[in-house]
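Protein chains in written order, with full-length UniProt numbering: chain Y, 1 to 361; chain S, 1 to 361; chain W, 1 to 361; chain P, 1 to 361.
If you are wondering where the hints come from, they were derived from the structure by calculation, not from laboratory data. Treat each hint with caution, since some may be false.
The list treats identical chains as one, so a pair stands whether inside a single copy or across any two.
[Stated by the list, open to error] With a cut-off of at most 30 Å between alpha-carbon atoms, the simulated DSS-like pairs for lysine-lysine come out as follows:
#1 K226 - K97
#2 K217 - K240
#3 K276 - K217
#4 K341 - K240
If you want the building blocks of each chain, they are given just below.
Protein chains: 4
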Amino acid sequence: MKKVVISTGGGDAPGLNAVIYAVVHACYRRGWEVYGSRSGYGGFLDIDEMVRLTLRDVEGIYAIGGTILGSTNKGNPFAKPVENLAGEVQVVDISEKIMRNYRRLGFDCHIVIGGDGSLEIAHRFSQLGMNVIGVPKTIDNDLMITDRTFGFDTAVSTATNALDKLHSTAKSHDRVMVVEVMGRDSGWIALYSGISGGADVILIPEIPFDLDIVCQKIADNELRDKQYAIVVVAEGAAAKGGQVISKGRGEMGREEVVLGGVGEWVATEIRERIEKDTRSLVLGHLQRGGSPTTFDRLLSLRFGTAAVRLVEEGTYGHMVALSSSRMISVPLSDAIKGRKKVDLASDKILTARDIGICFGD
Amino acid sequence: MKKVVISTGGGDAPGLNAVIYAVVHACYRRGWEVYGSRSGYGGFLDIDEMVRLTLRDVEGIYAIGGTILGSTNKGNPFAKPVENLAGEVQVVDISEKIMRNYRRLGFDCHIVIGGDGSLEIAHRFSQLGMNVIGVPKTIDNDLMITDRTFGFDTAVSTATNALDKLHSTAKSHDRVMVVEVMGRDSGWIALYSGISGGADVILIPEIPFDLDIVCQKIADNELRDKQYAIVVVAEGAAAKGGQVISKGRGEMGREEVVLGGVGEWVATEIRERIEKDTRSLVLGHLQRGGSPTTFDRLLSLRFGTAAVRLVEEGTYGHMVALSSSRMISVPLSDAIKGRKKVDLASDKILTARDIGICFGD
Amino acid sequence: MKKVVISTGGGDAPGLNAVIYAVVHACYRRGWEVYGSRSGYGGFLDIDEMVRLTLRDVEGIYAIGGTILGSTNKGNPFAKPVENLAGEVQVVDISEKIMRNYRRLGFDCHIVIGGDGSLEIAHRFSQLGMNVIGVPKTIDNDLMITDRTFGFDTAVSTATNALDKLHSTAKSHDRVMVVEVMGRDSGWIALYSGISGGADVILIPEIPFDLDIVCQKIADNELRDKQYAIVVVAEGAAAKGGQVISKGRGEMGREEVVLGGVGEWVATEIRERIEKDTRSLVLGHLQRGGSPTTFDRLLSLRFGTAAVRLVEEGTYGHMVALSSSRMISVPLSDAIKGRKKVDLASDKILTARDIGICFGD
Amino acid sequence: MKKVVISTGGGDAPGLNAVIYAVVHACYRRGWEVYGSRSGYGGFLDIDEMVRLTLRDVEGIYAIGGTILGSTNKGNPFAKPVENLAGEVQVVDISEKIMRNYRRLGFDCHIVIGGDGSLEIAHRFSQLGMNVIGVPKTIDNDLMITDRTFGFDTAVSTATNALDKLHSTAKSHDRVMVVEVMGRDSGWIALYSGISGGADVILIPEIPFDLDIVCQKIADNELRDKQYAIVVVAEGAAAKGGQVISKGRGEMGREEVVLGGVGEWVATEIRERIEKDTRSLVLGHLQRGGSPTTFDRLLSLRFGTAAVRLVEEGTYGHMVALSSSRMISVPLSDAIKGRKKVDLASDKILTARDIGICFGD
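Build the full structure now, drawing on both the sequences and the hints.
Structural data, given as structure tokens:
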């Protein structure tokens, strides 16, 4: 009999609940106990936040967005800002308290579902003696080790669906529609949704763009009597030669919107340069929500059960990953080495160019 | 045998194509000829823009957003800005040319699908001798005479679907999500989607709001351990006592975004006043696109065939309308008398309040 | 302070949970207590099945199909089959026990959500002294008094969506697709989904059909180079002159499938008579499930709060209903007088014929 | 300048149009001419069925199910049944005529999108001297060489969505729902949709099932107070020891339904053996229709452009395929060697078992 605890960290991604569902079921099947720590490490700090998870608790949640374990952006336990009575904020290390309670509660393993930040913290706890198994999570699909992360297919589907909706209006009204999608460091969502959603232009961080080329492409559309265009912009896309446009953001993902993002800027420039009626739209958090697609449900459930099989083997300090459609495990220390960029030589880029999509280069 | 021409005017609304489908089929069934004028009155100005419509041309279009008759915001023929060779813009009246071509082409009737602007223009042509039948269109549902306009149910469904998606993230991350929906003069989309999508707060033009009350409502959520909130804001909503917030817009719907809209303003205020992690999202043109819902398809098809029955009777100068689930006709002169506001005494408002929704009043 | 109990009876309909949500919220807003009786009258027979409902219990359920109050086809309390120790089944009247417990538990009112069967039973309890408010439910939309019942719009949307999917295959493969939808006594779902989903033929109980006319219609399609056809059949449709085709069904909704239904029969006949590749599909319970559409959510929430307002007024023995887009109440005794048939003179039938749909007559 | 012809063969699969879209765009980009042969080889037999494809012809079709090249089950040109004037049917070989016209029309290459049957025929034409490139198609995902075929993700999504809908009714009404999905030789759709849709039991051709074990699983559900169950059955699943149940089918896909399929049989057995209210549903052609998912759109577009790149290289007689997320090409002779069965040792089967799914073994 083992006693396992699971937690979720970082931003929302469709499929978090499906991973929890799989972990709970796989533990029950082995006769193990499984607990959930609310709000990341909350259950290690306040026993009321450490909840026993039963099959009934997870009934049907594989199909539901969000996480039943609640809010997760609670900061780094190794450097947590705490306010003292005098109202001053001090950064303290509460990792020792977490380790103490981890041991007191007698857990055999802590399954951490999180992005690079959460997994790095998990790795540090692993070094302190916690038995950790990681499950990779980011809707941006930009983790190095795993071929895919859950939530990505759902985010792409939401973005593609939005492009489908915008097409009819763009076409009926001879308009340029600029849609900003997620992707601060990589253009995965923009690339996949742009190809699938019939974009004319896709702007991604990996390819600095030239607005003159973008405008030329849109103007060329008219030569074959296509009076409209769809432009998909990753939030991290930037123009060549320093016209860097980006939303200012503070620490820990707290967003401070500065005069619109790159999508709005691109729309304004197109409107001015070629006098087309141009509108922009930011999809934002729509991409993080909703019921996971079939693809993401299956991937999440596979990740969850694979994590439990690692617990069974005692392969701690590892993360589950997808490699060529098989489940593998890699050391946590290897897991988070840089972001996976869109490979400009991949056939997806070739496909995009072949169906007439312009990258502004 | 009659010869009918159909045109679409104004902004996009899901169901335009379904009206066209119904008109074409109903004309064919009577052995009539039917034409489509592209780009509003474009076909009356350039014969290449006047196209014969066959059953094959409209195959399957009842399920598709947009309009096969193309871009429609081409201005008022009674006061059209035209650029002369010297580059000066003059306002000219081209209505006479349109009437002349209408007569030359031998049409018996012109079916105009449009909002209040297009229908007012149609009424003027009616007074000049054109046989006009109107079909009301606005996704805002704010026309006085008809109980419903097509496109509204689809817009509400899109907005509700977005709220469903945002719920999981809001809940998982203890966030306030502010969603700005369409409705410059009336709060129909905000009200319907807010009730159906589980909003905590709905702000509409008909009820000036007090941000303190809004913030209090969100803070009260925490009393029953609900750490998140969904706020739906119609773009025309305004705070009490003059804190008027609105996007600046120029002539003819050309949008000039001025520092974000009311949704972003509300989000900023909530963030500052009660220190909740608050995000805002503008649904924008997503609401105008996509395949029409079953409700909108049926309504559009009924409008289209009802219009043809009016042509058959020779009841020109009228508009079709829905009244207590029956198709009726009303004189065009009566059709566009003011906007239909949300009735504050209706049971929908009572329902909203009964399920705990706050209007900021 | 009032003490209210709510129950759900009969077949599933999207929106049941939304009614419950609205009742619970509206009661809380008034400071009342609200209970749910599981499995219809189960809570009046077994106290464990009578559950207190809190706001937390109903969180988010307005968007979810089914009913949190569980299985409902438990038979008529006035004539309930009970098995004795000898294994013999006797029909007993347990209404007195229910009345006794209703009084002991001190309820002020029982809100019953149900179809004609459940509402008739509710009416009998009303005559025995129970304070009853009815909420009408049937996805078939065939109740006399109310303009609409919840669940219908969702069922029609599911059927229309299925027709959309079948269209592409039918067209690509020159096939006739026959789709059997719900509607044993009336053709509402078939009519609405057939019009919205581009059917060529709609067969409903209100119009006995002639298969020769149906086949002629499909053959005529080929004259205008349309090699495929979509046929929508209500399960209660029947051929003229006695070729009655129906699924045999036993007591209490227990289905005994007898050699397929009318859809399969129609498909077989078409295949044989005009040698077209013809397939049939029964949508069945897909029509009863899923998240309610925006339309159904709003209607359900309005019904729920309207019911609580009737409790507030003490208007017992009544049912809420929708009449010309307003909430009204009618005596339960009037509520269930016969089924609402499709009005053959309505403009919906005219619309269907005008867009070329054949009813086989 | 090259001259390419494209054709589609066999059953419908979402994504066919997206492949055509990609081929046409990729050819235009190279300045090539591209034609479509309607109805499989129809364009080689009747010049009216050979159509020039322009960018305008394929506008927006990447998002639409079916194939614009029309009906495809027209039989094997090497052994085509032809009726003579006496009404006798003879089998003739028309391949020579096709080769002659292929050469006369001056095509450089014929891109064939099809399943194993179509690709085998294409291979024979390849041996006769036709330059052929194959694109693999089957919604069953059971081709050996390629990791995935397009249409599969859409079919699985449709099935999963149906399971989601049935869940609420099953749960609310304590029912067993048996859903029959496609898969005559392999259980891919059943496995993927069953895992993603929360099935209790999945029955696939690869695992002969024992109905006693299935019934035991459903009965065991009640031990943990789960009164309902979802059973997914692939149409080719069979009970152990010879209780072979299958739909009889005649030549050329013409279906002759014999007393229902395996789904209905399983439902009947469950109803009788454990006296649960059990219903069955056959999803049928719903799985072949509809707009392709984002995943399938991307895969189809990649296949289409990869095929054109093979034409560019002159790598004729090959088929494009997906291998570990890369596009590869394989000789047509290798392409169709047996069906890909579900690997019983794969982690997907482990995942299914770990989340409590029973395979009846």
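Exercise. Could you place K341 and K240 in one of the four classes (within, between, both, neither) given a Cα distance threshold of 30 Å?
Key: So K341 and K240 pass the 30 Å test inside one copy only (18 Å; across, 49 Å).
Self-check item: Copy assignment of K226 with K97, given that the CA separation must stay at most 30 Å
Solution: between (63 Å within a copy, 28 Å between copies)
Self-check item: Intra/inter-copy verdict for K276 and K217 if alpha-carbon distance must be at most 30 Å
Solution: within (13 Å within a copy, 43 Å between copies)
Quiz item: For the identical chains here, do K217 and K240 meet the 30 Å Cα criterion within one copy, between copies, both, or neither?
Solution: Cα proximity of K217 and K240: one copy only (17 Å, versus 47 Å across).
Figure legend: structure checked against the earlier numbered hints; every hint is met.
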